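Assemble the whole structure, with the sequences as input and the hints as a guide.
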Amino acid sequence: MADLADLTIAQAGAGLRAGDFTSVDLLDAVTQRASATEAHLHAYLTLDHEGARAAALAADAAFSKAQDKGPLQGIPIALKDNMCTMGIETTASSKILAGWIPPYDATVVARLKEAGAVITGKTNLDEFAMGSSTENSAYGTTRNPWNTDKVPGGSSGGSAAVAAAGSAFGSFGSDTGGSIRQPAALTGLVGMKPTYGIVSRYGLIAFASSLDQIGPFSRTVEDSVSLLEAVSGFDPHDATSINARVPNFGGSLNKGVAGMKIGVVTELMGEGIDSQVIAATRAMADKLQGAGAEIVEVSLPSTEFALSAYYLIAPAECSSNLARFDGVRYGHRSDIEGTTEEMMAKSRAEGFGPEVVRRILLGTYALSAGYYDAFYGQAQKVRTLVRNEFSSAYEEVDALISPTTPTTAFDIGERSADPIAMYYSDLCTIPSNLAGDPAISVPVGLDDSGMPIGFQVMAPALGEEVMYRVAAEVERLADFTERAGLATSEVVLP
Amino acid sequence: MTDWEAVIGIETHVELSTKSKMFCSCPADVEGVPNTKCCPVCLALPGALPVPNEKAIEGIVKIGLALDSTINASSLFYRKNYFYPDLPKNYQISQYTFPVCEHGKLEVDVNGTPKTIGITRVHMEEDTGKSTHVGDGDGRIHAADYTLLDFNRAGVPLVEVVTEPDIRSSEEARAYGAELQRIVLALGVSDAKLEAGSMRFDVNVSVRPVGREEFGTRTETKNVNSLRSMQRTIDFEIDRQIKVLEAGGTIHQETRHWNEDTGVTTSMRTKEESEDYRYFQDPDLLPLEVTDEWQDEIRETIPELPAIRRARYVAAGTDAVTAGVLVDAEGLGVLFDEAVATGASGRSVGIWLTGEVVAYSRRNEVQVSETPLTAAHLVELTAMVDDGMLSSSAAKDVLVAVLDGEGTPGEIAETKDLIQVSDTGAIEEAIESVVSENMDAVEKIRSGDMKPFGFLVGQVMRQMGGKADPKVVQQVLRDRVSR
Numbered sequence: 030m031a032d033l034a035d036l037t038i039a040q041a042g043a044g045l046r047a048g049d050f051t052s053v054d055l056l057d058a059v060t061q062r063a064s065a066t067e068a069h070l071h072a073y074l075t076l077d078h079e080g081a082r083a084a085a086l087a088a089d090a091a092f093s094k095a096q097d098k099g100p101l102q103g104i105p106i107a108l109k110d111n112m113c114t115m116g117i118e119t120t121a122s123s124k125i126l127a128g129w130i131p132p133y134d135a136t137v138v139a140r141l142k143e144a145g146a147v148i149t150g151k152t153n154l155d156e157f158a159m160g161s162s163t164e165n166s167a168y169g170t171t172r173n174p175w176n177t178d179k180v181p182g183g184s185s186g187g188s189a190a191v192a193a194a195g196s197a198f199g200s201f202g203s204d205t206g207g208s209i210r211q212p213a214a215l216t217g218l219v220g221m222k223p224t225y226g227i228v229s230r231y232g233l234i235a236f237a238s239s240l241d242q243i244g245p246f247s248r249t250v251e252d253s254v255s256l257l258e259a260v261s262g263f264d265p266h267d268a269t270s271i272n273a274r275v276p277n278f279g280g281s282l283n284k285g286v287a288g289m290k291i292g293v294v295t296e297l298m299g300e301g302i303d304s305q306v307i308a309a310t311r312a313m314a315d316k317l318q319g320a321g322a323e324i325v326e327v328s329l330p331s332t333e334f335a336l337s338a339y340y341l342i343a344p345a346e347c348s349s350n351l352a353r354f355d356g357v358r359y360g361h362r363s364d365i366e367g368t369t370e371e372m373m374a375k376s377r378a379e380g381f382g383p384e385v386v387r388r389i390l391l392g393t394y395a396l397s398a399g400y401y402d403a404f405y406g407q408a409q410k411v412r413t414l415v416r417n418e419f420s421s422a423y424e425e426v427d428a429l430i431s432p433t434t435p436t437t438a439f440d441i442g443e444r445s446a447d448p449i450a451m452y453y454s455d456l457c458t459i460p461s462n463l464a465g466d467p468a469i470s471v472p473v474g475l476d477d478s479g480m481p482i483g484f485q486v487m488a489p490a491l492g493e494e495v496m497y498r499v500a501a502e503v504e505r506l507a508d509f510t511e512r513a514g515l516a517t518s519e520v521v522l523p
Numbered sequence: 005m006t007d008w009e010a011v012i013g014i015e016t017h018v019e020l021s022t023k024s025k026m027f028c029s030c031p032a033d034v035e036g037v038p039n040t041k042c043c044p045v046c047l048a049l050p051g052a053l054p055v056p057n058e059k060a061i062e063g064i065v066k067i068g069l070a071l072d073s074t075i076n077a078s079s080l081f082y083r084k085n086y087f088y089p090d091l092p093k094n095y096q097i098s099q100y101t102f103p104v105c106e107h108g109k110l111e112v113d114v115n116g117t118p119k120t121i122g123i124t125r126v127h128m129e130e131d132t133g134k135s136t137h138v139g140d141g142d143g144r145i146h147a148a149d150y151t152l153l154d155f156n157r158a159g160v161p162l163v164e165v166v167t168e169p170d171i172r173s174s175e176e177a178r179a180y181g182a183e184l185q186r187i188v189l190a191l192g193v194s195d196a197k198l199e200a201g202s203m204r205f206d207v208n209v210s211v212r213p214v215g216r217e218e219f220g221t222r223t224e225t226k227n228v229n230s231l232r233s234m235q236r237t238i239d240f241e242i243d244r245q246i247k248v249l250e251a252g253g254t255i256h257q258e259t260r261h262w263n264e265d266t267g268v269t270t271s272m273r274t275k276e277e278s279e280d281y282r283y284f285q286d287p288d289l290l291p292l293e294v295t296d297e298w299q300d301e302i303r304e305t306i307p308e309l310p311a312i313r314r315a316r317y318v319a320a321g322t323d324a325v326t327a328g329v330l331v332d333a334e335g336l337g338v339l340f341d342e343a344v345a346t347g348a349s350g351r352s353v354g355i356w357l358t359g360e361v362v363a364y365s366r367r368n369e370v371q372v373s374e375t376p377l378t379a380a381h382l383v384e385l386t387a388m389v390d391d392g393m394l395s396s397s398a399a400k401d402v403l404v405a406v407l408d409g410e411g412t413p414g415e416i417a418e419t420k421d422l423i424q425v426s427d428t429g430a431i432e433e434a435i436e437s438v439v440s441e442n443m444d445a446v447e448k449i450r451s452g453d454m455k456p457f458g459f460l461v462g463q464v465m466r467q468m469g470g471k472a473d474p475k476v477v478q479q480v481l482r483d484r485v486s487r
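Protein chains in written order, with the working numbering: chain V, 30 to 523; chain S, 5 to 487.
Each hint can be trusted.
With the Cβ distance kept under 7 Å, some of the chain V side facing chain S (calculated, not the full set): (1) C113; (2) Y133; (3) A135; (4) G232; (5) L233; (6) S238; (7) S239; (8) D267; (9) A268; (10) E346; (11) S349; (12) A352; (13) R353; (14) T369; (15) L396; (16) S397.
Since the hints were made in silico from the structure, they are not lab data.
Quick caveat, the model's predicted, so the values are computed rather than measured.
All C-beta atoms in this analysis are idealised placements derived from N, C-alpha and C, irrespective of residue type, glycine included.
Here it is as structure tokens:
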């Protein structure tokens, strides 16, 4: 039998129900994989051995009593370290939260536990989810399992790396401007950002509240559906949560795309996009046409301004969201002698990394009296424009497609000194966040250097079923079976 | 000499007495051991999110309706960003454009003259925690050794009522503050305790020469916590500003602090030092929708407001001052309404309640509602007086005894032997005896000198042991001497 750690969630679930192996066996397999790869990847920040083992034993007990809570029962899953886990250190990869242990579970975490999932641990991210390479973590850089000289993308780079390496069967990240889809594209995974409001943000450490959404990483589209179904649905603790019935996300996975009208976004197929990425995207568009879809060009001119608008809106919100980290109630407190005000200022200066400081300053400036209209106000107008353009596009087409990222994974250190170059990594993913619409990245091939290429499918708000229908067809047509060739060596896990 | 006119606007903060806080389910009752009424939301733990309290929205809509405001069908929550240790998120959720209520008005009575004060807006926000600065700093943060923080109050729903600059004197300001407090109490949405800070005022004051259109530069004095202090603050500010201007100086736009002990305001910070709050719409909260149906439901629950009650009492026979006391003093209105409903005279009941009953309550430091006095007692007492069974002085003694719990007015009058004799037979007997003993006085009266008449009345009353109805005595005696 192949290594259990390489199974999909659907395969692992079938094996559990057939009695071929236990949840503890699955946990042992991913733990073994983690101990072999972590020295090279540094994807996990915390492994909850005890909690995971207890959950795996509980799942096995449930199976033995024929109790079945659904596809995630007994499946080891990892969480980005910006989701609160009761009793387990949660840092958002920031020094300012070093040692902070939440007294409550995020809604997503509570729902995973209810679904019988086994939570392996917490994964690395760019500090407070600000970045596109996981190099901005205060606890070290995560590396790409396909090539450890390269970044895994970000900000959910740790969650991508563990799912790609087989150190978990799937994982959750958060996507504010592409932080799930971009690392999924760079690590050959399926990564999905849901409609804003479908998954509760309660317990997700906020970066930019109007854009943040939690979503899953998986090896298949089918697994993505299982993961999303487990965590989505109305939550009374999140006022922006959509109070509507959860759609049947996976209801059309096998319907194919015949008769669908799908738009290629013109503005995301030209300047700034790597030619191999464009070629792979075109090739897949042609295959979709071959499968019976009508492919049309759709121009969304406002996407040109989306990146600029995003880099005003997100920092503005973060400047306010991160104000609570002041050393008064929790987290890092500076031991300087001085006034309360000085203590608060110094705690923040010592606790935040440079990218976080940059964005707080940018956002504070964008909201300041005299600048608000020119910056934040203007950015909100662009956001409305983007949203309107997308909704009119969806009157014409069922779904939109584009590359997920302008390039495949870049080298560690390549863009870390140039914030603007780094910001361009999110060029294709940001528009869906501004619009609040669902979008997914599916791997469609490798470039010349052997790094995965992601293909993005976007759909209108609450259009997850349509999005997954197209994504499933892309997955079949791409027949992407390559796995990361892992560098391994035994290490003692934290 | 220039004649000056003051221009005053008032911002009032009212803590709502809802069961739970504005954005979480912690109890909104701030008493108790510090930091025991908190949760991830009101402590601003990472990841926690606010969810609006529907009861608080009902509370603010009630206030808005009572102040004749427009209720916005959709209003927005904003973040007011500033760093302070007792503000857990380091921003306050408040409102900016599109508050819940706008364009209201309140008519107040200023020493008998009606005055209408415009209400600019009524908006919803959350309270901060409480800082206690310990050390030599006299309670001020700057010289404190350390600061203790209590977050029990953090997140308690707070309503801010903002007036137009329509107020022209400290008397008007006081009348406004008092009427607003009455309304809030009548609505039952807050305990509105000024001394406890559950209702507090920020006062904006400027002066201008009489006849000038444009406003002078204003100052804002924050957290004034009694009606008397508000009046003193305003008088001090008006006086100070006029003196500065007449001496050729200028008024700076600034925030000032009222010191109760010294009776002066001092500068806290100038406009240049003031914070830029970087207001922006809170992305954690959707627009707050108040549908017409919900508004109507809330309107149904609004009780009779003080102004309407006062008018009703006047119509029932009381004078304006009595009506005011009946509305303001706790427990009187209920007794009045019940007594009048069972047929007692509004005028008499009003006088007894606002006179002897209020005096008793003050003297003995008890609430009227804590005494055994019932509306039935009042009905009985006023009937006995009207029927001539009790003299007004005896009635006073009876009422005190009722308040002391000695029984009903009838029982007490009986026991204390205070019932007046109106039986003319007994009175005539006494008069005969007095007349026969004082014929010289009778003669004087008959010759037109009325002086001894009062003396004779007194003699008759003495013989009757004080229990005769003086009116009857006078009448019968007059008939007797003129024969």
